[in-house]
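Student: Residue numbers (the working numbering), protein chains in the order written: chain E, 4 to 523; chain C, 24 to 471; chain Z, 14 to 138.
Each hint should be verified, as a subset may be incorrect.
Computed, partial: chain E to chain C, Cβ under 10 Å [to be verified]:
| no. | residue |
| --- | --- |
| 1 | Glu36 |
| 2 | Tyr93 |
| 3 | Leu352 |
Derived lysine-lysine pairs resembling DSBU-like cross-links, with alpha carbons at most 35 Å apart [as the list claims (entries may be wrong)]:
| no. | chain 1 | residue 1 | chain 2 | residue 2 |
| --- | --- | --- | --- | --- |
| 4 | C | Lys67 | E | Lys116 |
| 5 | C | Lys69 | E | Lys462 |
| 6 | E | Lys116 | C | Lys69 |
| 7 | E | Lys230 | E | Lys150 |
| 8 | Z | Lys99 | Z | Lys62 |
Derived DEER-like restraints, expressed as beta-carbon distance ranges [stated by the list, open to error]:
| no. | chain 1 | residue 1 | chain 2 | residue 2 | range |
| --- | --- | --- | --- | --- | --- |
| 9 | E | Lys341 | Z | Ile56 | 42 to 52 Å |
| 10 | C | Ala210 | Z | Gly63 | 44 to 54 Å |
| 11 | E | Arg59 | C | Gly89 | 27 to 37 Å |
| 12 | C | Pro66 | E | Gly334 | 17 to 27 Å |
To be clear, the hints were calculated from the coordinates, so they are not data collected in a lab.
All figures in this text were calculated on a predicted structure; none of them were measured in a lab.
Glycine is no exception: its CB is placed at the ideal position from the N, C-alpha and C atoms.
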Amino acid sequence: MSDWSRAVGTRPVEDHATTVGTATGNRGLQIEEKLIFEQDSPGRCGVDLVDPLPFRTRLGGLERQGRIGLPGLSEPQIVRHFTRLSQKNYAIDSGLYPLGSCTMKHNPRLNEKLARLPGLADIHPLQPVSTVPGALALIDTLAHWLKTLTGMPAIALSPGAGAHGELCGMMSICAALEARGERRSRVLVPESAHGTNPATAAACGYAVDSVSSNPRGRVDIGALRTKLDTDVAALMLTNPNTCGLFEDEILEIAAAVHAVGAFFYCDGANFNAIVGRVRPADLGIDCMHLNLHKTFSTPHGGGGPGSGPVALAASLAPYAPLPWQARGPDGPGLVEHKEGDAQQSIGRLKGFHGQMGMFVRALAYMMSHGADGLRQVAEDAVLNANYLRVRLESDLSLSFPGPCMHEVLFDDRFLTGTGITTLDFAKALIDEGYHPMTMYFPLVVHGALLIEPTETESKASLDEFVETLKVLAAKARFGETTFFHGAPHYTPRRRLDETAAARKLVLRWCAEPVNQQAEE
Amino acid sequence: MRYLPLTDRDRSEMLAAIGVDSVDALFADVPSAARLEGLVDLPKAKGELEVERAITEMAARNIAAGSVPFFIGGGVYRHHIPATVDHLIQRGEFLTSYTPYQPEISQGTLQYLFEFQTQVAVLTGMEVANASLYDGATACVEAVMMANRLTRRRKAVLSGGTHPHYREVCETYARFVGFELAALDPALGDAEDLTELVGPDISCVVVQNPDFFGEIRDYSDLARACHDVGALLVVVVTEILSLGAIRPPGEMGADIVAAEGQSLGNALNFGGPHLGLFASRDKYVRQMPGRLAGQTIDADGRRGWVLTLSTREQHIRRERATSNICTNSGLCALAFTIHLGLLGETGLTRLARLNHATAVGLAERLERIPDVQLLNRAFFNEIALRLPRPAAAVVDALAEKGVLAGIPVSRLYPNRVELAEVLLVAATEMVTTTDLDRFERELKDVLS
Amino acid sequence: MSALRFTRDHEWVRLDGDFAVVGITDYAQSQLGDVVYIELPKIGHRVEKGKEAAVVESVKAASEVYAPVSGEVADINETLTADPAKVNTDPMGEGWFLKLRFDDPQELDDLMDETAYTRFVAEQH
Chain E
4 MSDWSRAVGT
14 RPVEDHATTV
24 GTATGNRGLQ
34 IEEKLIFEQD
44 SPGRCGVDLV
54 DPLPFRTRLG
64 GLERQGRIGL
74 PGLSEPQIVR
84 HFTRLSQKNY
94 AIDSGLYPLG
104 SCTMKHNPRL
114 NEKLARLPGL
124 ADIHPLQPVS
134 TVPGALALID
144 TLAHWLKTLT
154 GMPAIALSPG
164 AGAHGELCGM
174 MSICAALEAR
184 GERRSRVLVP
194 ESAHGTNPAT
204 AAACGYAVDS
214 VSSNPRGRVD
224 IGALRTKLDT
234 DVAALMLTNP
244 NTCGLFEDEI
254 LEIAAAVHAV
264 GAFFYCDGAN
274 FNAIVGRVRP
284 ADLGIDCMHL
294 NLHKTFSTPH
304 GGGGPGSGPV
314 ALAASLAPYA
324 PLPWQARGPD
334 GPGLVEHKEG
344 DAQQSIGRLK
354 GFHGQMGMFV
364 RALAYMMSHG
374 ADGLRQVAED
384 AVLNANYLRV
394 RLESDLSLSF
404 PGPCMHEVLF
414 DDRFLTGTGI
424 TTLDFAKALI
434 DEGYHPMTMY
444 FPLVVHGALL
454 IEPTETESKA
464 SLDEFVETLK
474 VLAAKARFGE
484 TTFFHGAPHY
494 TPRRRLDETA
504 AARKLVLRWC
514 AEPVNQQAEE
Chain C
24 MRYLPLTDRD
34 RSEMLAAIGV
44 DSVDALFADV
54 PSAARLEGLV
64 DLPKAKGELE
74 VERAITEMAA
84 RNIAAGSVPF
94 FIGGGVYRHH
104 IPATVDHLIQ
114 RGEFLTSYTP
124 YQPEISQGTL
134 QYLFEFQTQV
144 AVLTGMEVAN
154 ASLYDGATAC
164 VEAVMMANRL
174 TRRRKAVLSG
184 GTHPHYREVC
194 ETYARFVGFE
204 LAALDPALGD
214 AEDLTELVGP
224 DISCVVVQNP
234 DFFGEIRDYS
244 DLARACHDVG
254 ALLVVVVTEI
264 LSLGAIRPPG
274 EMGADIVAAE
284 GQSLGNALNF
294 GGPHLGLFAS
304 RDKYVRQMPG
314 RLAGQTIDAD
324 GRRGWVLTLS
334 TREQHIRRER
344 ATSNICTNSG
354 LCALAFTIHL
364 GLLGETGLTR
374 LARLNHATAV
384 GLAERLERIP
394 DVQLLNRAFF
404 NEIALRLPRP
414 AAAVVDALAE
424 KGVLAGIPVS
434 RLYPNRVELA
444 EVLLVAATEM
454 VTTTDLDRFE
464 RELKDVLS
Chain Z
14 MSALRFTRDH
24 EWVRLDGDFA
34 VVGITDYAQS
44 QLGDVVYIEL
54 PKIGHRVEKG
64 KEAAVVESVK
74 AASEVYAPVS
84 GEVADINETL
94 TADPAKVNTD
104 PMGEGWFLKL
114 RFDDPQELDD
124 LMDETAYTRF
134 VAEQH
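All chains, please: the whole structure from these sequences, using the hints.
Tutor: This is the structure:
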């Protein structure tokens, strides 16, 4: 038994396998799979189509000439191809995904079933409104649930994702200031903020001014007050913040922001910590985007689609983007143009009405939980994160003492002198069967490790995760650098050369030697 | 509650381990004035059966496209999606995975994104494509902003044939992001002369092909005119299937293509989620918004893929990012990749031809109706008709007769009286001869 | 050997007759990690002291490179396009970014010499 396992009190699983090469390069169920472009058979097709009777084309002489360049595969080959690809992916369905501020909770399949009902999936946004009363009622119901949970009087449903929602919020604020006859040039953003916040503010032409944190990991209200003046359009805050901490001075912050006539924008990525227990309206927030793909369980899908509705205070409601939900004598409807009450709307941010497919999923999720269940979600999310905190604080370096909310922040002080970085630590965690936690974010601590378990992890799952991290931390302390530096060892691919990828860009397959060389 | 694994016993044990009496202690930082003691005013938890009933009831009140003769297009098109597509995208490893920031355990996602990028590039006739944006409209405005960055100019010209929603999105961004947009009035036929408006102060000209009214044109001359003054040509495509039949923007000299990919693999979904496609030239790649999957090798020398050029993106560049975009349209892109993978070269060409044939059949019938005028010289699968009466009322009357006849242009351009009689009608491979018979008969009836 | 000076943003500048050669320091390249791309200004472009002159990109960061002195860009290191790694391997030599025809030698006065810069870097930790 080596020193580290004696220290932790475990016996490592004996590894009898030596590295054995295979003829195919496959490793049991882990199959090497070429690109579809490398499996072409000209003329082959995976769809059976009828051909039309002879007809006179009317393409204006602009028929496509020559080969497009798409490969031909049969249906069984396509099924096998994408099945094999899927087997190389980690997913929530496979295991814990402790990514901070991503809220990787279980994605219910009921949501998938309901989103596919023909009455919801097979309707066109520009059908006569009289033919889709149920869709409008669903949107209206979703809006009601989100307004009630946030306490805000209005909600803009069209933004396509969180970052788009931030843009919506900032544009609404800009419009509100213009309506007041004011031009302000700065937006304040905490140094711990997610990158989309300053990117959004800059996109709207604002100069971004960073506000430092205090030693307790919250916004330094003294520093904030110094920077607040009538040239500040807004403060963009995340609450709970990206260190997993509730901004306990938030009411004072809101008052200070409003005192100079600025707006208080809240990034709602971390709403999972407080849903059903706190309403953003009661915190003095003017504008908050929600991530339906975080708090409300719509699937991450490998990177999207998302949905980022924005809850708005009365001061910003007149500027909400189109379309608006309307209540007419015949029931819910849509306002699609800048007319009537919507004259001051900022206009459209996206085509059509918003991410209806995600609305259905989110509503099904909310109805399944109900007011009581949603409150329990926040409580269990916070409980799970604090449980991890107390069980890991002596093995990893807790960045801020005291309770956290739904996520807990550690930094790399525990790795000092080991020769092992946060990155190495995370890659070793992959070998243990886990997706790593968020690394190197937020930037306010060195080598950050941000862990958000969510409420859909069982205690047993958390205990296993804790034990794994304890072992890894012990290994690091005992200087097992080879294990860490070579990690991951057991994944479909080992560490990939990101420098080479950026220096010699290959962003598509080409029928040329360059792709074959990379394979050899 | 079936989604919450913690039992009351678990909770007690965990609270004890943490050293607090109740979970309320963990919410101590919330100001007391903001603490909700009770539940919010919403219904309580419902079981699966109840939720299914409630939402199914809402769904049942809508007329689904598949239940009636259906002819609506206008930027969202109804096509047949092979059963395989939906089964594959619902595999948990695709559905419930995250953005591929840890490439070693995301090769599935990264490989299909690389295939998707290749498909979009070859389809549009361009050199490089990104891993998708939210939709065609946001892709369009991102193209304009990219052209502004590349040319260091702040004025864009937008053809009147651009989809009105795309135009409106560009107008919103122009106002708040701070650039000038010369958006031309919607023009039928060849009334518009864009080459006249091309000058050295212009960053780009945006055209749509086929345009909002279904017309197809050759933009090669316009491309040359733009390049002569150092401006870029942006081509928008709202019906991506058209590129299976007509000359792609890349062959006309386009610099950026902003398109909607919904037609392949993705249902109507009442307008979302859809799929923004974005393609350009290699020399402009560093100014492209959105994610990019790039090829590389791993520590064992084997080919693999990673997200690359991330330094353009918000999470690194922050204020100086090319865009604030974070999420893409991953699962919709996967559906596109699978559908187009099944179709292949032959299938796409045949499917496009079938669409055009159906639309030609429709056009031949409708242009024979007295007082109905076909406005297109050329078209793919969507046509514009001028009726003898306001089209909105005709569409409503036809809806009552159980035919979803198309889009009255006045729905999108309510203030343009000269367009009040124009109707957009789309005919995809989903339209049958019976549907065509019904449409012709009911339209004649309504107009008489 | 001509005068070598350093800025607080970790650029170096070396006088070479009428020209000022500019690059980033060894400390800067070590902080950036593997350099993948450099965005250089056009020849003839004017740069102002303290304002952005170039951008250097690594896998994990993108950084502005500020002009230590004002002047007109006389030459740029085009070899960096094919081989950005030079910035990592030889930041003070072959990894140079640009040559300026500079306006005013007095602009160098408030920059650090090698000793002062070494001390400055030590204080960063």
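Student: Next, verify each hint and record whether it holds.
Tutor: Verification of the hints:
no., hint, result
1, Glu36, "holds, 7 Å"
2, Tyr93, "holds, 4 Å"
3, Leu352, "holds, 6 Å"
4, C:Lys67 - E:Lys116, "holds, 22 Å"
5, C:Lys69 - E:Lys462, "holds, 25 Å"
6, E:Lys116 - C:Lys69, "holds, 16 Å"
7, E:Lys230 - E:Lys150, "holds, 32 Å"
8, Z:Lys99 - Z:Lys62, "holds, 25 Å"
9, E:Lys341 - Z:Ile56: 42 to 52 Å, "holds, 48 Å"
10, C:Ala210 - Z:Gly63: 44 to 54 Å, "holds, 50 Å"
11, E:Arg59 - C:Gly89: 27 to 37 Å, "holds, 30 Å"
12, C:Pro66 - E:Gly334: 17 to 27 Å, "holds, 20 Å"
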